[in-house]
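Protein chains in written order, with the numbering used here: chain S, 3 to 350; chain A, -19 to 158.
Any given hint could turn out to be false.
Said to hold, decoys possible - These stretches of chain S come out as covered by chain A in the derived footprint (C-beta under 8 Å, 3 or more residues):
no.: 1; stretch: 39 to 50
no.: 2; stretch: 307 to 316
To be verified - Anything over 10 Å on all C-beta distances counts as not near chain S; from chain A, calculated:
no.: 3; residue: Asn18
no.: 4; residue: Pro44
no.: 5; residue: Thr64
no.: 6; residue: Arg66
no.: 7; residue: Lys80
no.: 8; residue: Cys81
no.: 9; residue: Val92
no.: 10; residue: Val109
no.: 11; residue: Pro119
no.: 12; residue: Val120
no.: 13; residue: Ile132
no.: 14; residue: Thr133
no.: 15; residue: Asn143
no.: 16; residue: Leu148
Everything labelled a hint here was simulated from the structure, so no lab data went into it. None of the values given here were measured: they were computed from a predicted structure. A virtual CB, placed ideally from N, CA and C, is assigned to each residue, including glycine.
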Amino acid sequence: MISVAWTAVKVIFAVATGLNIAGFLGWLERKQSAVLQDRIGANRAEIFGFRVLGFFHPIADALKMLTKEDYIPPFAHQPFYAMAPGISLGFGLLGLAALPFGGNITAFGHSVSLQPIQSPYGLLLVLGLLSLGVHGVVMAGYSSASNYGLIGGLRGASQMIAYEVCLATTLSSVAFVYGTLDLQQAVLWQGRLLFGFIPAWGIVLQPLGFLLFLTAAAAETKRTPFDLPEGESEIVGYHVEYSGMKFGMFLMTDFVESIVVSGLATALYLGGWQVPGLHLAGALGGLIMVLAFLAKVMLVLFLLMQIRWTLPRFRFDQLLDLGWKNILPLSLLNFLLTVWGVYLWRLR
Amino acid sequence: MAIKIKEVTRPPRNFQGQIFIWEVWLGLLVTFRHLFVNLWRHTLKAMGIKTEPGSVTIQYPEDPAVLGRRARTRHRLLKREDGTPRCTACLLCETICPAKCIRIVAEDSPDVIIEKRAKSFSIDLGLCVFCGYCAEACPVDAIHMDSSDVAITAYDRKDMIWNMAELLEGKKSPSIAQ
Ligand code: SF4
Ligand code: SF4
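Based on the provided sequences and hints, a complete structural model is requested.
Here it is, written out as structure tokens:
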């Protein structure tokens, strides 16, 4: 009973952290794009005359979303229409709970795991949750009884399925190196050193895999240059009929899924909560673990944002070409090389 | 001026461009450079050290808007040397206006050489599309679009209709007056 409650607390903590980071990303997205385009960015929202670099804009956004009229198109399929944003966001948030925010520590006489949902198949769990998110997209497009929405949803589905295959292939090679599907074990594996001084992080062992993963992850989370399903400003996307908080939930889904894939990237390629040269244990160690993990996640998110504001959008056929004809063969090649490499390493 | 033709050579589709990754890296270098240079300038400015500005943003309502020299702004009726309006009520502007937002009532001018003048002249700025045709059509150069006023606002549609006196002298929009 205690353990169930404790897990619930951890899950809620992970979800809350994720949602806070998502709000922060709303700010970061605006400001980063503004600064790199020689602008200032949103800076008008103020509370009692304080503006604090536009930090209140996410709050103003949320207020606006909550108070806007939630218009349901008369021909929409009501239950599906209402469920779609929840499915998108819900599975994204669950994915957060499976990330290894920290290792197993002993604090105040108790042994605690800092990973909310610990499972020997954690990687598969996160991947599965990410793919379930696709259903929200398709459902939204289908149920809103709009041809534009439907086409947008189909576009989203074919893109996400294409890149899911690449994602799974790339991740299977890194899982092959660690010999486990447990995210916690993978992070622990990365604690060792190569040749005595290089941390054996996934990015060192699988540089090509990291690049492929980043590309596929950007496509999977519908971030520019792969944001065709939504096409924020030009192409009509699957959520064209949504308004108010339901639209806001789709927006949040984007950020939350970015956090999930950044967390995956951190856990599998950037050494997770490991800090090279530090042996982390106890309560303080746990704190450092969580902070290190979040810092690495923020770094990946920052990189993803920067890529987003650097590259123009792909055309849809180019996008599928890139996925099926370039990234998938490359990830298969990467897998083959990894298998041979690991085989030869074990023969040694 | 004779039309000049500029040949634009397409960049060749080479291997380097087709594997994306190198070009993405170059693009990232550009954006990262902008990001960090601008951040550095903002930081210096926050510490009170004079540098190049970190952004080109004009904070509009506080700072004045910067308009192009040929920007078409709110109309202005011009006067002769003696202070009477130049307009001879020829109705060319009213005729050409695509938005049909000019209303002119003509009357006889006491000056026999001028013959005609406008009794009333109004433009519905809420309908105007700022095409500039009226200023171009006017044969006596009586109407210009160079008042540099773009903040034309009102709380009522009928307040967007400016009469002759207002067009001659200009009036303050309520948002600016407050
Ligand atoms: S600018 Fe164009 S639309 Fe406006 S009053 Fe003149 S002719 Fe009419
Ligand atoms: S074209 Fe010029 S002179 Fe003729 S009515 Fe218009 S403003 Fe007056």
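Which of the listed hints are broken here?
Violated hint: only 3; rest satisfied.
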